[in-house]
Every structure is written in structure tokens, then in C-alpha cells.
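Colleague: These are the residues of each chain, in order.
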Amino acid sequence: MNEQKTKTKNRIIMIARVLVFVLLFLFLLRTLSYMVRGSGDTKNRFMGFYAEPKDTLDIVMIGSSPTYSCCSMPELYGEYGIKAYPLASNVQRPISGQFLVKEAEKTQSPKLYMFEMRMYVGLEVGLGGNMVYTREVTDNMMYSMNRIDAINAMVTTHITEEDTDRYTYYFDIFKYHSNWPSLIHPDQWASWRYTKLDPNKGYKITDKVGPVDMPVVSEDPEPVELDPYQEEALNDLLAAVKETGAQALFYVSPYKLADGDAQKYAHIKEVVEAAGYDFLDMNHYYEELDIDFSGDFSDYGIHTNAVGAKKCTMFLGEYLRDNYDLPDHRAAGTDGAGQSAAERKSNESWDTAYEKWLGDYDAAVPVIDRRIEEKDFFVAE
Amino acid sequence: MASDKHKKASFIAGIVLLLLVLISLKYMKFIWSGSLAEGVSPSPFVSVMLLVPLGLSYYTFTLIGYMVDVYNGIAKVQMNFFKLLTFGMYAPVLVSGPILQYREISGDFFAEHNFDLRQITFGMQRMLWGFFKKLVIAERLGVMVSTVYDDPVTYSGGYVWLGILCFTIQLYSDFSGLMDIVLGISQCLGFKLPENFNTPFFAKTVAEYWRRWHITLGVWFKEYLFYPILRTSLHRNIQNKLKAAYAKKGDEKKAKKRSKQISTYIAMFVLWLIIGLWHGGNMTFVIGSGLLHWFYIVMEEVLEPVFKKLWEKIKVNPDGKVLNALRILRTFILVNIGNAFFRAPSVGAAFKLLGCGLGIGTSGSTAEGLIGSFVTAVSSNGIRAVQEIGPLGLTYTDMVVLAFSILILLIVDIMKTKTDVRKSIAAQPIVIRYIIWLALLFYVILMGQYGPGYDAAAFIYQGF
Chain Z
-2 MNEQKTKTKN RIIMIARVLV FVLLFLFLLR TLSYMVRGSG DTKNRFMGFY
48 AEPKDTLDIV MIGSSPTYSC CSMPELYGEY GIKAYPLASN VQRPISGQFL
98 VKEAEKTQSP KLYMFEMRMY VGLEVGLGGN MVYTREVTDN MMYSMNRIDA
148 INAMVTTHIT EEDTDRYTYY FDIFKYHSNW PSLIHPDQWA SWRYTKLDPN
198 KGYKITDKVG PVDMPVVSED PEPVELDPYQ EEALNDLLAA VKETGAQALF
248 YVSPYKLADG DAQKYAHIKE VVEAAGYDFL DMNHYYEELD IDFSGDFSDY
298 GIHTNAVGAK KCTMFLGEYL RDNYDLPDHR AAGTDGAGQS AAERKSNESW
348 DTAYEKWLGD YDAAVPVIDR RIEEKDFFVA E
Chain P
52 MASDKHKKAS FIAGIVLLLL VLISLKYMKF IWSGSLAEGV SPSPFVSVML
102 LVPLGLSYYT FTLIGYMVDV YNGIAKVQMN FFKLLTFGMY APVLVSGPIL
152 QYREISGDFF AEHNFDLRQI TFGMQRMLWG FFKKLVIAER LGVMVSTVYD
202 DPVTYSGGYV WLGILCFTIQ LYSDFSGLMD IVLGISQCLG FKLPENFNTP
252 FFAKTVAEYW RRWHITLGVW FKEYLFYPIL RTSLHRNIQN KLKAAYAKKG
302 DEKKAKKRSK QISTYIAMFV LWLIIGLWHG GNMTFVIGSG LLHWFYIVME
352 EVLEPVFKKL WEKIKVNPDG KVLNALRILR TFILVNIGNA FFRAPSVGAA
402 FKLLGCGLGI GTSGSTAEGL IGSFVTAVSS NGIRAVQEIG PLGLTYTDMV
452 VLAFSILILL IVDIMKTKTD VRKSIAAQPI VIRYIIWLAL LFYVILMGQY
502 GPGYDAAAFI YQGF
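Line by line, the protein sequences give chains Z and P. Using our numbering, you'd call the opening residue of the first sequence number -2 and step up by one each time. Using our numbering, you'd call the opening residue of the second sequence number 52 and step up by one each time.
Check each hint, because a few of them may be wrong.
Claimed, not checked - Distance condition first, Cα-Cα at most 20 Å in a straight line; then the derived SDA-like pairs of lysine to any residue:
#	chain 1	residue 1	chain 2	residue 2
1	Z	Lys4	P	Ile171
2	Z	Lys4	P	Phe166
3	Z	Lys4	P	Phe358
4	P	Lys474	Z	Val15
To be verified - Interface residues of chain P toward chain Z, partial, derived using beta-carbon atoms under 8 Å:
#	residue
5	Asn165
6	Gln170
7	Val321
8	Leu445
9	Met450
10	Ala477
11	Leu489
12	Leu492
13	Phe493
14	Leu497
15	Met498
16	Gly499
17	Pro503
What the hints assert, rightly or not - DEER-style ranges, computed between Cβ atoms:
#	chain 1	residue 1	chain 2	residue 2	range
18	P	Leu409	Z	Asp373	56 to 64 Å
19	Z	Met11	P	Asn432	47 to 55 Å
20	Z	Phe168	P	Glu163	32 to 40 Å
21	P	Ala376	Z	Lys2	34 to 42 Å
22	Z	Val17	P	Leu421	41 to 49 Å
23	P	Ile462	Z	Val17	52 to 60 Å
24	P	Phe455	Z	Lys2	57 to 65 Å
The set of hints was computed from the structure by calculation and includes no laboratory data. Values in this document were obtained by computation on a predicted structure and should not be read as measured data. Virtual Cβ for every residue (Gly too), placed ideally from N, Cα, C.
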């Protein structure tokens, strides 16, 4: 009897030891994965999102690079009291939208989702064919089941024949392990939990200038269907948003439209509105935006610079104020009365971000003016 | 009588068949590839003929050993064909061995294995150590070795010797690393395979080196080739003729001893020639892992009495620590020279490489000095220079990682001569154990050269 008891006890100890070792391994694997991920604005943006106190954001914006270059989130807060944060990445594949909505829902309950639609008019051959665009999303998400789902959906070889090394998506440390010398940087250590406030609240400022002629936008184009993969992604996204119960605004930031884009946006408008959501194409509001294609863009009609971003932000702020019932967090005051600790902490960081934005903007404007005057235009590397 | 004849015929037929498969598939490759004109792609037929099944020579040797042992009555015949097949084709050893002896392994191999966490843990620890050797050390060394071997003129002098030294360590960490993985897998499955390495670089003679390096190959050749050669009538005839020739010159006892010695050297010559050929049809292998080592061993035996007299004359303790250390160093240098042939693309290239090391046929190294280039890089790029590629093809950071890792390997190998390292670690408190294994695990994960962006070379001994 005693022998049996000892055996059972030993077994339990053995299992406990194995479990402790496995848990320690997983914890270290996760932590080191986060730390060796390459530093950059996308990593900072995603970490910043996870660091925002729970349920403090009004808007979560999802989309590709125009999301974080066309709208200044600190400006939107400073001028309208709206807290919006972009879960955005460079050339973000539309298929990732549904997973980012689920990711956002884990820590936030935004009243409004905003989706930048530029990538939806693209072709899958260009988007799904380059796995870097996938990694921009999956390699910047925290480890979770949703991340696994995103990888399962996004890492496919339906377009590309390149060896995807799938395991390196699930455990990206196996891709970025050679980045270990970067661990000498304190910034990398600060990312050990993958939560670190982004002082720019996801926005990426630029003082570069790349002029382009103002495009002529067709006012009433004939709708044309999207690439089948993007069409499916749009439907999946609509279903994902529907589940959250939040409002949604599908928008297009101003840029130099390619042939056929306007027709596809017309189709998106039909689909989105049929689902009960709003659609806003800022390319129909150049006058209201007061956008100047000869000086407000950083790279020849693709992304706005600081001046262009300010104009777009003001336009969006007005639009949001007029069309949605969003709170003005500035009204809460700075004394902290009646606010939870999370709200207070959140407001403080947004106030700081706004001050930083004002300083950065003031520094960028004269540079932009000089560049326009000297025709010192952006040169792609 | 008839049964014996039948048994012998079956035995010979089996051996011939196995050797026929080995020779036709492995060595015909050299004939087929030799038939190709330069730059001409092979026809589909030739392409197929160029293919060699994975692990061919390993399972051929394993099965020959089995047949010989059964024939000689020292191993029981395995009547279950699938069991024999499982043994002969045991997957982990197919890549590079170790070569298994049925009579030694079969009992453990076919026994029932219960779940044993300790064995699984030990097995995984051993695998991890193997990955450390392969991914952290061997892969980095491979870059340095290729840099020097591909351009010995530029890197003449000290760099050449460094390159040769690096290859020896690369070969060891690569091959013994793979053995650690194979033995680790087997331990997880519940059985122990024979060791293939026993700290070979601490050998005091080349003969001892070969008892510590690729042990199972040495055992196999000794048991199934060398001893049978010594038992042949041809060998006896040579020995008798030599004895008669020496006897004419005088002392009968000396003649017997000398004739035995020389006939054994002749048998050893055949043995080492075949060991060299086993590594590949190329002359670099015949010399680098065959005949050069035969020469070393013969010279060691011939010169042994001379040195014995010398130590007596100058009153040096032949078993002293300093002398033993010098013997280890001498053996290591000789092995390095052999490995220079082993790694070089041709015998001519090996001589050229060694010549460059000695400053023959070159006006000196034109490669930048390691320290000088680092100082230049730091002065122009600051601390970021540590990530720049140095003159030997690795970044300075990688060189530091490499040096540190080789130091760990050396320390562990020294410890292995005195104790069972894994058992010593297992005796430590659990916190220490966890720290050691997690540190090693993440050291390999972070510092290992694998995954996207790396082209992890195949194991060096995979092709033999």
C-alpha cells in the first residue's frame, strides 16, 4: 500500500517537474520571440496597441500604410478628443482584417472600426505573392490562437511557390533568431511582454515631399468586382465586424488613383452599404480637405506627409464628430475626477502624444516648405 | 559436410550480393560522373545511375557483420525477416552510422521498452548537445573553412593553418554532433547504441586516435576485414617468405618478429586503402583518411623503440605529463594534415594548401589581418562594426560566439575524460539543472545557424 502511494507520489512529482520545465520553456520562447523581432514602426505600433489600457479606445483603424500616415491619431485626440489607434502595417493584406478585428476585441471595445480600403482594390498576385506583407501582420501579433488562425489563413501557396517555412510563422523566433545581437539595445528588452506604449499612438510622421498632379476622380464610376480573394476577404471582414456589434466606417484616404480603382471602390461602397455600414472615399473631397498634391504628399501621391496628414485628420475629425456619437475625452479634464485609473493613465499618455505631435509637426512644416521651395523631392531607395 | 558447403555457399553469395549492390550503386557513381564531359548535363539514365540510396554503406556493413557473425556461430540467426529489416534499416543510423553489430545490439533492440522519463530526458539532452555542435559550431566553422580552402593563396600563412584547424574541429563537431543526435534519439526510444567518439583529440598516438574516432567503423574493419586478412593463406605465405628471407641474414627469433611485423604492415596497407576508398573513390579520401594514417601508424610503431631509447638516454620519464601533452599535440597536428587532404577538392589542391601554409609558392598573405581589420571597422563604424563580416567570412560577433562555443566544447570534452557529464548535471539541484538545460536550449535556438536565410550544410559524413 505504502509502496503504491510512494509510486503515485513520485509520478506526480515527475509530471509536475516536466510541466514546470515545459512552462518555463514556453515562457522564455515567447519572451525571447518578442525581444528578437526586428525593431521598427510596425512593431512599436502593435506593441503600443497591446499597451493601451483596456477598453479605452474609441476607434480601431485597420488597413495598410495610409492608415498610419494619412491620419494623425494624436491630432485627432488633441483636436476632437477621440482616441483612435491603427492596427496597421505596410501593404496589409485584406485577408488579415478579420483577424485584426478579433485581436482588437481582446482588449478593446471600440465603438467604431475604420477600415482603410486601398489594398482591397489590389490583386492577390501582388499581395499574397510576397510573404513579407503577411509577416508584417503575423510577426507583430502576440502569440495566441487567433494568431495561429491568421497564419493558417494567410500562409498559403495559392499564389507564391516560394518555400514558406511555415513553422517560422508560428514560432517566428526561428526566423529572427539571428537578430540576437540586437538584444544589446534596451528597446528590445522593453518589448519582452510585447506591451509598450507608442509615443506616436501608431502614427508615422514624415517631412518628405513628393509632388504629383492632382488626379481627376470619376464622380459616378461603373462598379467593378474585386479580385476574388479580396472579395472574399471583404465578406469575411463584414461578418467579423457584424459579430462585434460595433459600427464601422470603410474609407479611402486620398491618393493618386490607378486606372480602375474608382470602379472597384464603387463596388465596395455598394457591398458595404448593403451590409449597413458607411463608406467614405476621401478622393471625392479634395476641396473640402484642402489637399495640395504638389506639397502634401511624401512620395508622389501615395502617402501624405505631416502637412497632408493634418488636413486629412481635421477632415476625418469633423466627419466623425458629425456622424458618430463618440466621446470627447478632453472634456474629462486633467484633474482625474470621476475617472478610473486606466482612463487617467490613458488620458495622460494621449495628452503626451498630442504634445509630442505638436512639436514634431512644428519641426516638420519648415522642412516641408524648404523642400518644396528647393524642389528637394523624395527619392525612393 | 554437404550442409557446411551449402552454408558456405549461401554465406559467400550473400556477402557478394551485398557488396555488389554497394559497389554498383556507390562506386559506379564515379564512373558515370567521370563519363560526363564538362558542362554537359547528364541524361536521365545517367542521372538515375548517379543516385545513391541514403545510408547504403552503413546498412551494407551492418548486414555483412550480421552474416559473418551468424556464419561464425557467434550470433543467432534472425528468422523474422521484418525484424531483420527493422534492424538493418533502423532510420536514425542510416545517415552516418554508427555501424551496428547485431550480436551486440539485437537483445536491447528487440526487447520491450517501457516508458522511462529518465532515458527520454537524457536522450533529449544528448540531442540538444548534438544540435549545439552542429548548428552553433560546425555551421560557423564551415564558413571560415570554405573561405580559406577556396582561396589559399590570398590566405597563405597563419590563416591556412587556422583554416585547416577549423576544418578538423568542424568535422568533429559535425560528425560527433550527428552521433549525439542519433544516440539521443535511440536513448529516447529506450536503447543504447555504441559510441562512435571518445574525445579523439586527446589521443596520444594516431593508432589511439582511431580507437577514439569513428569507433564503430574501426571495430567493423578490424573484425570483418583486418583479422580475416591476417588469417588468409596469402598473408601466411608472405609472412613465411619474409621469415625465410630474414632468417638467411641470421637471428631466427628476430626474423620471425620482423616478418610478422612487415606482413602486418602490408595487411594494414590494404586495410587503410579500403578505409580510404570507403570514404569515396577520390584520392583525397584515399590519402586523407586512409594511406596517410597507415603511414603515421607504421612510423609510430617503427620509431617507438628509437624514442624509447632516446627517453632513457636523456632521462625523460616516458609517461610524464609534458611528454604526453606533446604527444597529444603531435597527434592532433598529424590528424590535421590528413584532414587537409580529406577536405581539399584534389590532392594537388591539398599540397598547394599546405604549401601556402608554409609560404611555398606564394609571396605571403594578402588577406587583411583579423585584428587590424576589426580595428579599422570599429574606427569607421563604431560598435556597429561587430556586425560586419571579417576577413574570414564571419561577422566579428559570430567569431566571438564561435570561440566561446568551442571553449564550452573543450571544457565539456575535458570533463568527459573524467566523468559522465550528463549524470553530473543530473545530480545537481533541480534549479541548477533547469538553468543549464534552458540556457543551452536557448543558446542553440538563438545562436544556431538554421532556418530562413541560412543554408545549413548537410552533415559531412552523410555521403559516405
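Colleague: If a hint holds in the structure, say so; if it doesn't, say that too.
Modeller: Hints, one by one, checked against the model:
no., hint, in the structure
1, Z:Lys4 / P:Ile171, "19 Å, holds"
2, Z:Lys4 / P:Phe166, "15 Å, holds"
3, Z:Lys4 / P:Phe358, "61 Å, violated"
4, P:Lys474 / Z:Val15, "18 Å, holds"
5, Asn165, "13 Å, violated"
6, Gln170, "13 Å, violated"
7, Val321, "47 Å, violated"
8, Leu445, "12 Å, violated"
9, Met450, "13 Å, violated"
10, Ala477, "12 Å, violated"
11, Leu489, "6 Å, holds"
12, Leu492, "7 Å, holds"
13, Phe493, "6 Å, holds"
14, Leu497, "4 Å, holds"
15, Met498, "7 Å, holds"
16, Gly499, "7 Å, holds"
17, Pro503, "5 Å, holds"
18, P:Leu409 / Z:Asp373: 56 to 64 Å, "59 Å, holds"
19, Z:Met11 / P:Asn432: 47 to 55 Å, "52 Å, holds"
20, Z:Phe168 / P:Glu163: 32 to 40 Å, "36 Å, holds"
21, P:Ala376 / Z:Lys2: 34 to 42 Å, "56 Å, violated"
22, Z:Val17 / P:Leu421: 41 to 49 Å, "44 Å, holds"
23, P:Ile462 / Z:Val17: 52 to 60 Å, "28 Å, violated"
24, P:Phe455 / Z:Lys2: 57 to 65 Å, "48 Å, violated"
In this structure, the earlier hints numbered 3, 5, 6, 7, 8, 9, 10, 21, 23, 24 are contradicted, and the remaining ones agree with it.
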